[in-house]
Amino acid sequence: MKKTLLAFLLLYGWMVQAQSRIVSGKVTSPENEGLPGVNVLLKGATTGTVTNADGTYQISVPTNAKTLVYSFIGYKTIDVALEGRSTVDVKLVADLTNLDEVVVTANAIVREKKELGYAVSTVGGTELVKARDPNVLNSLAGRVAGVRISQQSGSVGGSTKVMIRGANSLSSSSEPLFVVDGVPISNSSYNGSETDIVTGGVDVGNRAGDLNPDDIESMNVLKGAAASALYGSRARNGVIVITTKRGKVGAKKMNIAVNSSYRTDNVLRFPDIQNQYAQGNLGVYNPRLGNGWGPAISSITGPVLDYTGATVQGLTAHPDNWKNFFVTGHTVINSVSIDGASDQGDYRIGFTNLKQTGTVPGSELGRNTFAINAGRKITDKLTSRAWLNYVRTTSDGRPQQGSNTTNILSTILAGVNTTIDINDLKNNLFAPSTQTVPAGWTGDLARAIDLDGIQNNPYFVTAFNKFSNSVDRLYGGTSLSYDVAPWFNVTGRAGTDFFTENRRSTTRRGTRGRLNGQFETNEIYERELQTDLIGTVTRRISDDWTFKGIVGHQFNQRTIRRSRVLSDGLNIDQLYTFANAQSNVASNFYSRREIFGVYGDFSFDYRNFLFLNVTGRNDWSSTLPVSNNSYFYPSVSASFILTEAFPNMGIVKRDILSYAKLRANYANVGSDEDPYQLAFTYNPLSQASDIYTFNILYPIGGASAFGATNVLPPTNLRPQQQTSYEFGTELNFFGGRLGLDLTYYRNLNYDQIISIAVPQSTGYSARRLNVGEISNTGIEAMLTVTPLKTRSGFRWDAAFNFNRNRNRVESLADGLTEFVTTSGDGFGIFVVARPGETFNIQGVGWLRDPQGNIVINPTTGLRTPGPRRLLGNIYPDWTLGINNSFSFKGIDFNFLIDMRKGGVINSQTVGIVRSGGQAAETAVNNRTPFIDPGVIRNADGTYRPNDVPVASVQQYWSQLDNSVSPETNTFDGSYTKLREVRIAYNLPRTLVNRTPFGSIALGLEGRNLWIIHSNVPHIDPEANVLGTGLIGEGLERGSIPSSRSIGANLRFTF
Amino acid sequence: MKKILYVGLLALTATGCFKNSTLNIDPNRSTTVDPSLLFSGASTQFSLLRVGELTWPVALMSQMWASGGRWGLEQAKYDQTRVRSAWGRTYTDVLKNLNVAIKVAESTQPVNKNALAQCKIMKAFAFSQTSLLWGDIPFSQAATGDVDLPAFDKQADVLNGCIALLDEAIGQIDPASKGIIAPNDLYYGGDMTKWRKFANSLKLRILFSMVDADPTKGSAIGQLLASGNMIAATTDTMQFQYYNQPGRQNPRYSFTAIFRGGVQSDWYCSKPVYDLLVSLNDPRIPYFYQPGPAAGANEYVALNSIENYTTRSALVNMNLLKPDLPEVSFSYSEQLLLEAEAIARGFATGGFDLATQRMRAGVRESLLSFGVPTAQATTYVNQLPALTAANYRTVLAQQQYLDLFMRPVEGWTQHRRSGVIGQEVPAMTTPAGAPVAGLVRRLLYRSEEVNSNPNTPSGLAVDAPLWFDK
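From first to last, the protein sequence lines are chains A and B. In terms of the UniProt record's numbering, the first sequence opens at residue 1 and continues consecutively. In terms of the UniProt record's numbering, the second sequence opens at residue 1 and continues consecutively.
Here chain A stands alone, though its shape is the one from the complex (with noise of 0.2 Å):
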C-alpha cells in the first residue's frame, strides 16, 4: 500500500527534502547502458528521486536508511540493501509482466495494476511518438483489448472513431470519455444531423483529435463500468484517461527534447474502372453524359462533339483519372519540450508544430500546440500544480462527402467518362461557350463535366467551394493537496477545456446547381468546468489489512453555445460577407447543464494478495425532473494475486507460472439526459421547408412564425441505467516469456431515455421515454508470447488481441418492432435495431422465392425490388490485432495486422460507379447480356431457373443501384490490414556521448500500407460516412478515400 502511496505522492512531483547523506550510483539497462528516469526511492519514507539522461541519481537518505527500491516502467522493481554504501549502481531486469505496474484511473487515483479488480489497458507514450498520426487515437488501432478504432475518412483532420465493448445507446453514440490529468475534455464533433451528413457534410474531425501525442505521458483505457465508475454517467461507454508529460530530473537543469516526423499519404485504394467505353446511352455516343454507357471509344474515329461541345477527331481514353486527381498529401511534424525537475518542483514546456495537405487538392491542416505543467512544493505539506494546453487547429479546403449536393468530389469523378481529360478539367476551371449557359448569364460559370452542364468540374469544387474552419482551445487546471496528516490528504482540483470554433463553407456563384452561389457561417463555443474535491485516508487496520477510503464531491458544468448563419445568392462573385448576400437565415441555440456528485471508493488490501473495492456515488442533474434528479450506483470489484497467495506452489516457485491473478466486478452507472427535454416547448421558427429546400423565410409579409415541439415530452423520466459484470484472469508463465490477459463481460444498459417514432398522424413525429434494453456479451483476450530471446540481445515478441463483441437489442417500447437508430431517408438506408438483433441495416432488398433465390423478370431478364428487409449486422463478430516486434541492439522493428471479421458494409460508391457503367466489371465480354442466376415465376406459382438475359448490360448494372436497391452494394466488411510497420532505432550510447545530444533516435513509418484481405471492391473497407456523433457504421456514401502513409522521425535530446 505504500508503494502505492508513494508512487502517488512522486507522480504529483513531491520531493521531500534532503536529509543527511548521500547516495550515488548509476542505473543500467540488461544491455548495460544508463537507464534514465528510473524512480530511486527510499523504502518505507517518501524521499526520492529520478535518474538522470545518462542514468546516474544522487539522493539524500537518512544516516540510518537500509535500502533503497528501483522502479522503472517495463522493468522489475528492485529492493536494494545500502549496507552503508554510498554508491550503488543497479541492473535493472527487464520485467514482461508489469506485476508493480501503476495506473491511473478514475480521477487521477493511483493505483497499482494488481489491485485492479477489471481490465485497463495502458498505452505508454513513447508509443504514441515512434509513429505519429495527426490524431493519436488512430495510434490505438489494434493495440487496446476491447477496443476498436476506425477512422472515419480520408478527409485532412478526419475524425476517428472509439468504441469500447460495443454500443450501448439506442440514442447517442457510444464515445468514450475522455480525460485528461483528471479534467473531463470535450471530444465532440459537430459534423451535422444524419441529413446533414448524408446529404452532404464535411468530416470536419472529433476534438479528441486535439490531443498532441508529444505532450502524452501515457494514455490508459478503462472499460468497464466499474472501472470508470467514479466518473459518473459518461463513463459508461468507457474512459480514456490521459496523463500528460512532466518535468522530470535530468543531468542538466534543462532538459530539450526535439521530434520531427515527415509523412507522405498517397490513396490506399481507386475504384477499378473501365477505360474501353465512352459516355452514352446503350450503346450510343452522348456527350451529354458523364457516364460510361456509350459506345466502345476505339469505335469512335470520325469527328464528334465532346464533353465541352467542340468537334474532335475520335476519343481516347484516359486511364488514370482518378490518380491524377488526387495528390500526395504531405505532414511535418516538429515539437520541442524543455523540462527540468528539483525537489522543490518541476516544469515542462512543450510546442508542437504539424502542417498538413491531403491527397484532395487544397486540403491543408494546421495545428499549434502550446503545453506547460508545473508543480511547486509550497511547504513540506503542501504542494501545487498546474497545467495548461493551448491548442490552435486551422483547416481548408476539407472534401464534401455524402450524396445530395453539388460538391461531392466522388460523385463528381465518378461521373468523369475516361474519354474527358482530367487535367483538361485541371487547367480549364470555366465553361466554354460551347457548354450550356444559362440565357443571360454573365460571369464566371464552372466547367461541367457534361454538356448539360450539370456536374461541376472537380477543379472549380477544390479551388472555390471549400470548408475552413479554425479552432481556439485551451485545457487545462490546476490543484492544491494538503497532507492534514501523514495518513489523511485532501487534494482540490479545478479543471476546464474551452473552445471557440469558427467554419465557413463556399459555394461560388457560377457553379452549377446553386448559380447563384452561397455561404454558411458556423460559431462553436463549448465549455466544460469541473471541480474535484478529494479526501484519502490510508490506514493500516492490522499486520495484514489496509485500508484505503477515498471521499470527494465534484461539480460539472457544461455550456454549448451555437450560431450558425446561411447566406444565399451572391450579388458580387466571392465576395462572403452577410451584406453581399441576398438572404440571410440565422439560427442560435445555447445549452447549459450542471451535475453534482458526492463519491466514495474504498479498499482493502489483505496481505498484498487480495484486493477488495466498494464505490458508491450519488449524483443530482439538471436535465432531469426535480423529483427524479438523484441517482446513486454502486460498484464492488475484487482482485486474487493467486501465484502471491500461494509462493509455494511447485509451478510458482519454479517461475512455471510466474503470475496469476483473478479478477471480478460487478458494476451499475445511471446517467442523465440531454438538457431542456422535459417541457412543452414552442419554437420560434426560421423557416418553413419541403423537400426541395426551396425554404420560405420568417418573417414572410411582415409575420413571424411559432411551431409548437414535434417531441412529445416525458413524463416522470427516469435516470438511464447500465448494469455490468465482469470477470478475468491475466497470467504470466515462464518469467514473462508467455502471457495471457482474459476478460469475460456483459453489459446491460435499461431505462434509456430515447424519442420513439409515433406515426405522423397523431402530430408528432416522436415522444420521448424511458424505453429499450441493449446489452453487450464479450471476450477479450490478450496473448503476449516472446518466442525468441537470446543472449546477443535478439528478442522476438507477439502480441495477439483478440476482441469478440455479441451486441443485442433485448427490447424496445411494447408493440414496437423496430427502432430506427440513423436514418438515410429518402436514400432507402436505414440503420435499425429490432428486438433480438443487434443493429442492422436496412433497405430494400430484391424479391426472393421460398427458397431464397432471387425472382427475376420475364420480360427484361432483370431482378424485381422486394419488400424491405435486414441486410446485415453493422458490427464485426470479432477482431484480431497482431502486433510483431523484433528488437536487437537498439533497433526495432514493428508491424501490426489488423483483422476484422463480420458485420457489413453498404457503399454507395460501389453503387454509382457500377450504374454509372464505370466500373471495370461493367465493361467485361463486351458487354454481351447474360442471364442473371435467379429464378422466375411461373403462372401456376412454382418457379423455374431463370432462362432470360438481362434487356442489356448496362440496365442490369444501373439497376443494382441503391436507389432501387442496396442489396447487391451491401457488402461482408471483413478484411484484413497491415496496419502499421516501423522501424526504430536508438543510436547506441557509446556514439551520442560523443555528440552533443542525450540520445538519439530515428524512426520510419507506414500506416494503412496495405488492404491483404477484403471483401468489398472498388473502395476502403473501413469507411464510415456516419462519423463519431451518430449511431451506427457500415455507411459509406461518396468517402474521401483513405490513405496510405510513410514517414519519417527524428528524435533527439540535448
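Treat the hints with care, as some may be off.
Stated by the list, open to error - For lysine to aspartate or glutamate, the following DMTMM-like pairs were computed, each having C-alpha atoms within a straight-line distance of at most 25 Å:
#1 B/Lys19 x A/Glu528
#2 B/Lys19 x A/Glu594
#3 A/Lys653 x A/Glu112
#4 A/Lys901 x A/Asp932
#5 B/Lys19 x A/Asp751
#6 A/Lys43 x A/Asp544
#7 B/Lys19 x A/Asp544
Hints are computed from structural coordinates only; laboratory data are not their basis.
Take the given structure of chain A and dock chain B to it, following the hints.
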C-alpha cells in the same frame, strides 16, 4: 477528521439539488405562445407544400405538365418518392399547430372566437386536401397527441367532418370583432367577412367532390348556393402572397432561379392538355406555354408524359412562375364554374341559361387571371357553346380543368371527378412503363406512417380509386 469531511461534503451537496433552479428552462424555446404566431406558421407551411412539393409530382403524374425527362421520367410513371414530407408536415406542422392554437385560444379569456374560426377553416382545408390526395386518413383522432395510433377514418367521414368543422367555424365568426389579423393572417389580413365567404366556398368544393359518390349532397349544394355568402369577386380570392424578395419568393420561381439561373427548362407542355386547348381554339395557349429555345415564334411542341424533351419542346410559361405570384387556394373563376355546374346539374335553380351565363363568367375570369386581354376573353367566352343536358358535363369539365392549370392539387381532383373511370375530361392514357394499368388515382401512404401505425390501410394500388372517385 472523516466526519468533518463528510459534513463538509454534504454542505456542498445541499446546494446541488436544482430544487428551485431555472437551469433546465430552455433558453432557445418558449413555453407560451400567441395563437396567431402558430397560425402564420401553419399557413406558410401549408402554402409551401401546395405550391412546391405537391405541385411538381402531382402535375407530372396527372399529366397536367410534362417532365420531358429533365429529372427522369419516373414521376410521370407514378413514382411518388418525391412526395416525401407533405404527409408528415401537414399533420405535424400544419394541423398539430392549428390544434394547439385552438387549445391556447380556448383557454385564454376572453375567448377569441374569430381566431378559433380561422384555425378551424384552415383545418378543414388541410384535412379535405389530404383526404382528396390519399383517401382514408386519420381525422377524428389525428394531430392532437392524445391518441398514439390514430385510426384511419373513411373518406366520406373525413369530408363530412370537414363540412361540420366549417359549419362550426361559420357559427363562431363575428365580422364586427377581430380575430387573427395582419400580418399573421397571411390570407385575408383579418377580414372575417372574407373568411366566411371562403368557408362557404370551401364547403361547396368539398360537397362537389362528394356528390358523385353521395348524391344526397346535391341538395346540400342547392341550399348552400341559395344562402350565398360565398366568394363573389376576384378581391375575395383566397390566396397566399409571395414577394420578390430572397427567401419570400414563390418556390416555383426559386426552383428555376437556383438550378437554372432563371431559365425555365424543367416543366414542359403536356400533350393531352395542349390538344384540348387546340380543340377549343383556346387563347390561353401562349399564356400557358412558351416555345422551346430552338422552336419557331408560335411553335408549341407538346410532349406526351414520357417523351424526352428537345430544344423545340414547349415549356410552361415563365410568366406563370414569377417570384411574386400568389399561391391561389380558391379563385373567383373556380367559384363561378362550380356554381354553373350546380345549376346545370339541377342542384340549384336557374336552368341551363343561368348555368351558361355563370360558365361564361367563370371562363372569362379564368382567362383574365392568366393575362388574356379582356376583348379576346370576351370573344372566346361568347363563342363557347351554350350548356345543354347533352354537353354540359364535357364543356364544364374542360373549362374547370383548364382553369386549374397552375393548381395541380385541385386540378387532379377535378380530373378524377370529371367522369366515370376511363371517361375523364380531358381524356388521358396510362404512360408506357407505368406499374399499373390505369391512371394514377391516389397518393400512397408514406413509409413513416405505414411503419409506425398499424391502422394504415395496406395493399392499395396506385390506380385504385378513392371513395369520391366515381
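Status of each hint after checking the structure:
Proposed proximity of lysine 19 of chain B and glutamate 528 of chain A is supported: the alpha carbons are some 22 Å apart, at most 25 Å. Under the criterion of a C-alpha separation no larger than 25 Å, the hint pairing lysine 19 of chain B with glutamate 594 of chain A is consistent with the structure, at around 13 Å. With a CA separation close to 23 Å, the supplied pair lysine 653 of chain A and glutamate 112 of chain A stays within the 25 Å bound. The straight-line distance between the Cα atoms of lysine 901 of chain A and aspartate 932 of chain A is roughly 29 Å, outside the 25 Å bound, and the hint therefore fails.
At roughly 23 Å between alpha-carbon atoms, lysine 19 of chain B and aspartate 751 of chain A fall within 25 Å of each other, so this suggested pair holds. Distance hint between lysine 43 of chain A and aspartate 544 of chain A is fulfilled; the C-alpha atoms sit about 19 Å from each other, no more than 25 Å. For the given pair, lysine 19 of chain B sits about 47 Å from aspartate 544 of chain A by alpha-carbon distance, which is inconsistent with the 25 Å threshold.
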